[in-house]
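Since chain A is already given, all that's left is putting chain B on it; use the hints.
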Amino acid sequence: MKLMWFHLMPYTELPDDFNKKHPSVWVDIHSSLFDPHRAHHMYNDFMDELEYAAEVGFDAVCVNEHHSNGYGLMPSPNLIASSLARRTTDTALCVMGNSLALYNPPTRVAEEFAMIDCISGGRLIAGFPVGSPMDTCYAYGQNPSSLRERYYEAHDLVKKAWTEKEPFAFSGRYNQQRYVNIWPRPIQNDPHPPIWIPGGGSIETWRWCAEMDYVYCYLSYYGYKAGLTTMQGFWNEMAKLGKDRNPYRAGFLQFVGVAESRQQALDLYSEPAEYFYGRCLHVDPRFALPPGYTTEATQRAGIEGMMTKAANLANPSTKAALKATNMKDIVDGGYVLIGSPDEVVEQIRHVGTSLNVGHLMLLLQYGNMSKDVTKYNTRLFAEKVMPKVKDLFGDWEDKWWPKPMAKGQRAAVPAFRPQLAAAE
Amino acid sequence: MPNSLNGPKTSTVEINGFPCRVWTKGSGPKLGFLAGLGGLPRWLPFLDRLAETRTVIAPSLPGYPGATGHTELDTHLDWVLAVRQLIDKSGLAGADLLGASVGGAFAAEMAAIFPAHVRKLCLIAPFGLFDDKEPAADPWAQRRDNVPGLMCADGAKWTALVAPPDGANSVEWPIEMTRASEAAARAFWPLGNTRLEKRLGLIAAPTLILWGERDAVLPPSYAKKFANGINGSTRVQTVADAGHLAYLDQPDAVARAVLAHFA
Chain A
12 MKLMWFHLMP YTELPDDFNK KHPSVWVDIH SSLFDPHRAH HMYNDFMDEL EYAAEVGFDA
72 VCVNEHHSNG YGLMPSPNLI ASSLARRTTD TALCVMGNSL ALYNPPTRVA EEFAMIDCIS
132 GGRLIAGFPV GSPMDTCYAY GQNPSSLRER YYEAHDLVKK AWTEKEPFAF SGRYNQQRYV
192 NIWPRPIQND PHPPIWIPGG GSIETWRWCA EMDYVYCYLS YYGYKAGLTT MQGFWNEMAK
252 LGKDRNPYRA GFLQFVGVAE SRQQALDLYS EPAEYFYGRC LHVDPRFALP PGYTTEATQR
312 AGIEGMMTKA ANLANPSTKA ALKATNMKDI VDGGYVLIGS PDEVVEQIRH VGTSLNVGHL
372 MLLLQYGNMS KDVTKYNTRL FAEKVMPKVK DLFGDWEDKW WPKPMAKGQR AAVPAFRPQL
432 AAAE
Chain B
803 MPNSLNGPKT STVEINGFPC RVWTKGSGPK LGFLAGLGGL PRWLPFLDRL AETRTVIAPS
863 LPGYPGATGH TELDTHLDWV LAVRQLIDKS GLAGADLLGA SVGGAFAAEM AAIFPAHVRK
923 LCLIAPFGLF DDKEPAADPW AQRRDNVPGL MCADGAKWTA LVAPPDGANS VEWPIEMTRA
983 SEAAARAFWP LGNTRLEKRL GLIAAPTLIL WGERDAVLPP SYAKKFANGI NGSTRVQTVA
1043 DAGHLAYLDQ PDAVARAVLA HFA
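As they're listed, the protein sequences go chains A and B. Sequential numbering from 12 applies to the first sequence in my numbering. Sequential numbering from 803 applies to the second sequence in my numbering.
Some hints could be false.
Said to hold, decoys possible - Now the in silico label distances, taken between C-beta atoms and shown as ranges: (1) B:Pro-917 / A:Gln-188: 36 to 46 Å; (2) B:Ala-962 / A:Gln-187: 44 to 54 Å; (3) A:Asp-224 / B:Pro-917: 27 to 37 Å; (4) A:His-51 / B:Lys-1000: 12 to 22 Å.
I should point out that these hints are in silico values taken from the structure, not numbers from a laboratory. Note that beta-carbon positions come from the ideal geometry of N, C-alpha and C, so glycine has one too.
If we strip away everything but chain B, and leave its shape as in the complex, we get:
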């Protein structure tokens, strides 16, 4: 937890006049993390693995846990510029950047549009493309009991991510979880397709693409579409026994792959 002895340091930056939480932990070269669906309602074992050798900086996207301001963002350009400011104000300009799921789509945008801002890039099952021959699942039209199994190969991992911690405000906690879902929907409704394929060719940073082999949201075949579109040297690696949020399912394996790529 953020305030526990082993938790990250919490700071806040302002984007368009709204607060966004930034979590920092570890030492060594900076590594930025933009989280996937659900954001970071709590600190993760996965981030601890990364923090063993890197300074992990995890800013919350507008509307994600610890942040607001998503309701000001109307267009994809608004979102991209908000994320650019978030990267700058978190001190991540020029650092290695890791993004997953919706955060992955924005990490790819950063590397494409602001190439000097990203040293090396790692994407875990990023949003941004849509193939009507292999349609992505609709994460915003699910029966409640289907959600954990959609997000993770082991649904309990998702359930643990969003479960209210001891002492959480029982009114505000569920609203915050819904807000994270709304923020992602605001940026990616209805198909997750931001026409990112038009900009992938601008990415020159060395890129690792990780994909949970059991991703139920975005078909693992999308990894190849990203790899084919990106200009820089690109490698695809599948993560066994992992779903869409592979960093929840397999924190050690994903952390090892990320650290090796960023080395």
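Pulled out of the complex, with its shape left as it was, chain A reads as follows:
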């Protein structure tokens, strides 16, 4: 099993009365809440944490893209990934990802990802989300009725830009370019960097991932219990399509808080978890469902009840209705796994096997968790949980993992001093 360390980069100082005074953490969150001098420290703490996770042995560090968002301070995850490319050596860099339809022209993504792949010596995982309604339709003004078509076309263009050897003209429905010829080119060129698709529970996305042989990632904030039905749906669809049950076809996001004991975990992680599920997910439902964002096929499936409760969690308005904001419900609901190392081992093995997920993306920082607590959580997980879960799925080959340059051929990065981070 691959253990990947994911950072959302939440603004950690939303006020206590945030939910009362502000309608939404996303889209129209007020600028007066953002203190750039505090954000300077947050960004540097967050990047320290990502570097620390790489240092203690996580298989990958993961970053993602959000816009006008109080719990996601990475409008450009590529900026963070390029810094991580210099400050990590062997860890995969999972950019989860770039919302393709937001880039004009989309070849920008092909270029920037190729840069990260070159700088890192071939360690990039290229995530291509459609993007949430809040990010794409509201913050970035994209038309919800054509967003998916734009996304698929941009995907075709980026992939062709990576793989086509000659300059070519692209005459698409939404993009027209006379000279597509990206420089630089990705190191991973057989045929291109691994492509992972974060998505909700739509059958169309599952089928597309199977057809393209991409990793499907279900990035819910609601944990393994709510995710079970979606992942079962995914595997049922794979079986129908004649695909094997290789767990590395899938990724899944899970919050974790590990400590010496369950009580200590509750003491340490209740506040940041309640901050996240309370303030960070306080999204005005008016931004949840722009017309056309959800395909008619998915609407039909939802209305007909063919998709069960958990699959409907892909629908943000349903999510909002279900969410718990106190630690007892958060833990009971499986949103956050907590406990002693051995208790967490048992739960992680259960998550991996019950969902059949080989790529587990872990949120070990959430809400207003401090750097010290984050590093404690990260270190304890790396030392006492990771060794007891890594063997899972050892019989399967991960065909979707980066294939970097041989270690001896890669550049030495002179200023990288991991001992400073470790000593703090």
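Chain B alone, transformed into the frame defined by chain A:
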């Protein structure tokens, strides 16, 4: 309802290979109606008033109830040409044209770009302009319970427009309502601004501009911007106790004003 004794005659025309429903009722000179947000999920008392003295022809825009094909339309030119075909195939070329809200923006385009196609023009709170000093509301970012009050001065009028009728397919009806909203969004996302102000000066048809005085989507002050932009003789009339879809709030008053203008 369309199939009831007093309902309109239903026919279908094809636009870009997709069906668009056309409702026709009444007698007398033809009067075309392009509906506003939500389209025409059902026949309206307002249209009955018009049909007392006119042949009312109401074609559904692509994606509106009774029509599909909006997903083929990528640019504003695509939309304008689809509406032009809809006008032609509904037999409305040269007739009086009434358009409301999103339908109003297209009615204005018809009169501007194809002047021979429109005898007299009436616009009810048309889309097409945006003034950042007086921004229009975002009809596609609303909590569900806010929508009726945004669309009409009396929210119950909107609720009645979109409520599933007896015997409606419980799966397809809500999808059809969402599709109408998507179609409008496809044409007017994100601000409702189609740069119509560049073409208003081409409108030579005598024009009546009606605006609900309590329009919560488009500020009633926009009426003046339209009037100032249009070249032909233009009159602005405010409709009391009416919101954005004034023809739902005040069917009699709006019908009287429309019929007087088209007389």
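Right, here's what the structure says about each hint:
The supplied range of 36 to 46 Å is met by Pro-917 (chain B) and Gln-188 (chain A), whose beta-carbon atoms lie about 38 Å from each other. Range check, Ala-962 (chain B) to Gln-187 (chain A): about 46 Å between beta-carbon atoms, so the 44 to 54 Å window is met. For the pair Asp-224 (chain A) and Pro-917 (chain B), the supplied restraint of 27 to 37 Å is violated, since their beta-carbon distance comes to about 56 Å. For the hinted restraint 12 to 22 Å between His-51 (chain A) and Lys-1000 (chain B), the CB-CB distance of approximately 45 Å leaves it violated.
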